[in-house]
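**Q** Sequence:
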Amino acid sequence: MQMSDIPFGTTDWSQIEPTVHKGDTGHSTWRTRQFGPIRVRMVEHSPGYLADHWCEKGHILLCLEGEMTTELADGRVFVLKPGMSYQVADSAEPHRSSTTLGAKLFIVD
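Residues in the sequence shown are numbered from 1 upward in steps of one, following full-length UniProt numbering.
In case anyone wonders, no lab produced these hints; they're calculated from the structure.
Take the hints with a grain of salt, since some may be wrong.
Using 25 Å as the maximum straight-line C-alpha spacing, the simulated PhoX-like pairs for lysine-lysine come out as follows [stated by the list, open to error]: (1) K22 <-> K104; (2) K81 <-> K57; (3) K104 <-> K81.
Whenever a hint applies, use it, and build me the whole structure from the sequences.
**A** This is the structure in C-alpha cells:
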C-alpha cells in the first residue's frame with residue numbers, strides 16, 4: 001500500500017455521516033473517509049448480519065467489539081474477536097462476513 005499526499009489529521013468517527021448497507025440478512029453501518037485511493041471505515045454489523053456478496057477487495061480489518069465470522073470461498077472459516085485482525089490482498093481470496101452478535105470493525109482498503 002503506497003500512502004502519499006495525506007497530511008496529518010485526526011478523525012472523530014462520531015462526526016462522519018453514516019451510510020447503511022443491507023446484507024442478505026441484517027445491515028452494516030459505515031462511516032467512511034477517503035484519502036486518495038485509500039478508504040478507511042468504521043463499520044458496525046448488526047446482529048444477524050450476513051454479507052450479500054463474496055468480496056474480492058483487499059482489506060486490513062481490526063475487530064473492535066463483538067464477534068465476526070469470515071468465510072473464504074474455499075470453505076475455510078475464521079472467527080474474529082476484539083483485538084484480532086485479518087489482512088487479505090485484492091483478488092487473492094474471495095470472502096464474506098457474518099455475525100450472530102454484531103461487530104464493530106476498523107477497516108483500511
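**Q** If a hint holds in the structure, say so; if it does not, say that too.
**A** The hints, checked one at a time:
{"no.": "1", "hint": "K22 <-> K104", "result": "holds (16 Å)"}
{"no.": "2", "hint": "K81 <-> K57", "result": "holds (21 Å)"}
{"no.": "3", "hint": "K104 <-> K81", "result": "holds (10 Å)"}
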